[in-house]
Amino acid sequence: MERGNLAGSTSTLSHNVKIEGEIHGEESLEVEGFIKGSIKLGGNIIIGKSGVVEADVEANSVVIHGKLSGNVLARQQLEIQPTGQLIGDCTARSINIQEGAIFEGRSNMIKPTSVPRDPGAATKSPAVSPKNETLNIATQTGS
Amino acid sequence: MALFNKKNHEEEEEIKFEMPVPRSPEVKNTGTYLGQNLKIRGNVSGDGNLTILGTFEGEFDLKGQLKIAQQANVKGNVKAGIISVNGHVDGCLTALERIHLDPTARIEGQITTPKISVMEGAMFEGEIKMNAAPGPPPKPIKKNAKSEPPIPGHPEVKMGIS
Numbered sequence: 001m002e003r004g005n006l007a008g009s010t011s012t013l014s015h016n017v018k019i020e021g022e023i024h025g026e027e028s029l030e031v032e033g034f035i036k037g038s039i040k041l042g043g044n045i046i047i048g049k050s051g052v053v054e055a056d057v058e059a060n061s062v063v064i065h066g067k068l069s070g071n072v073l074a075r076q077q078l079e080i081q082p083t084g085q086l087i088g089d090c091t092a093r094s095i096n097i098q099e100g101a102i103f104e105g106r107s108n109m110i111k112p113t114s115v116p117r118d119p120g121a122a123t124k125s126p127a128v129s130p131k132n133e134t135l136n137i138a139t140q141t142g143s
Numbered sequence: 144m145a146l147f148n149k150k151n152h153e154e155e156e157e158i159k160f161e162m163p164v165p166r167s168p169e170v171k172n173t174g175t176y177l178g179q180n181l182k183i184r185g186n187v188s189g190d191g192n193l194t195i196l197g198t199f200e201g202e203f204d205l206k207g208q209l210k211i212a213q214q215a216n217v218k219g220n221v222k223a224g225i226i227s228v229n230g231h232v233d234g235c236l237t238a239l240e241r242i243h244l245d246p247t248a249r250i251e252g253q254i255t256t257p258k259i260s261v262m263e264g265a266m267f268e269g270e271i272k273m274n275a276a277p278g279p280p281p282k283p284i285k286k287n288a289k290s291e292p293p294i295p296g297h298p299e300v301k302m303g304i305s
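Taken in sequence, the protein lines are chains C and Z.
The opening position of the first sequence corresponds to residue 1 in my numbering, with each subsequent residue numbered one higher.
The opening position of the second sequence corresponds to residue 144 in my numbering, with each subsequent residue numbered one higher.
Treat the hints with care, as some may be off.
If the Cβ cut is set under 7 Å, some of the chain C residues that face chain Z in the computed set are [to be verified]:
no., residue
1, Ser9
2, Thr12
3, Ser14
4, Asn16
5, Lys18
6, Glu20
7, Gly21
8, Glu22
9, Ile23
10, His24
11, Gly37
12, Glu58
The set of hints was computed from the structure by calculation and includes no laboratory data.
Glycine included, each C-beta is placed from N, C-alpha and C at the ideal position.
Generate coordinates for the entire structure from the input sequences, incorporating the hints supplied.
Rendered as structure tokens:
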């Protein structure tokens with residue numbers, strides 16, 4: 001696990017503070033407040049119990065104790081704790097959803113690179129291919 | 144087994160968050176802490192205290208205390224109860240209570256505050272307005288000014304009417 005090597009320090013957003021806009025940087029973030037916009041971090045993000053995030057989130061690990069509406073890209077792990085709520089699509093290398101958590105959306109896994117299971121898929125870009133594949137299958141079976 | 148895993152995770156997270164903040168204990172007490180590597184564009188509002196070390200572009204509207212640390216770079220309008228500046232600000236600073244400029248402060252823009260203190264070494268290019276902020280400061284001066292009889296021949300006296 002690469003959890004130990006963090007990019008930069010940890011920022012904290014307390015529960016009475018609201019940010020509307022873009023946040024990015026090589027940092028980890030702990031959110032107890034409200035964020036609307038977009039978040040792109042080199043570190044991890046933890047959304048605390050009182051945290052509400054309405055944004056697309058990209059980070060190494062994403063841990064949700066509070067509410068997140070938006071799409072998530074977790075380069076490592078996505079964790080939804082029992083009090084957590086995720087409304088939106090997620091892409092992660094591994095997911096951990098605890099009992100009691102709410103998750104509404106689609107889940108895509110980041111596969112370990114250079115393991116093309118089917119030779120046709122290798123030519124496509126890996127991020128897009130899952131959707132395309134499902135679509136293709138659907139149309140094929142339909143016709 | 145699952146429970147055990149979960150506990151491990153939580154412990155890991157906690158340790159992780161205590162470690163990488165080698166700042167002064169002051170920082171931990173203040174509510175919100177925006178680190179050096181964080182870039183924010185947008186609006187920040189709320190009523191807590193906030194310390195910023197990173198780059199910010201946009202508008203601050205806080206009721207509490209705002210501390211702009213030495214490495215921080217703020218561009219835009221800043222409004223807070225108390226503002227203390229160590230870093231670089233390009234824009235309007237408005238404090239309801241007071242503003243403090245430390246020796247490392249660099250400010251370009253306008254300052255509006257009822258009270259100000261500036262340390263030697265601070266750089267400030269711009270304008271200061273010190274008419275009491277529209278909000279809370281309890282200033283008896285205004286009342287006195289009103290109760291004074293208008294001086295004949297001084298048209299400027301009718302401040303309050305406009």
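Going down the list of hints, with the structure as the test:
1. Ser9: 4 Å, holds
2. Thr12: 5 Å, holds
3. Ser14: 3 Å, holds
4. Asn16: 4 Å, holds
5. Lys18: With a minimum Cβ separation of about 5 Å from chain Z (threshold 7 Å), the hint on lysine 18 of chain C holds.
6. Glu20: 5 Å, holds
7. Gly21: Holds: closest Cβ of chain Z sits about 1 Å from glycine 21 of chain C, inside 7 Å.
8. Glu22: 5 Å, holds
9. Ile23: Because about 5 Å separates isoleucine 23 of chain C from the closest Cβ in chain Z, which is inside the 7 Å limit, the hint holds.
10. His24: Check passed: Cβ of histidine 24 of chain C comes within 5 Å of chain Z, closer than 7 Å.
11. Gly37: 6 Å, holds
12. Glu58: Violated, because the Cβ-Cβ distance from glutamate 58 of chain C to chain Z comes to roughly 14 Å (cut-off 7 Å).
Figure legend: structure checked against the earlier numbered hints; the only hint not met is number 12.
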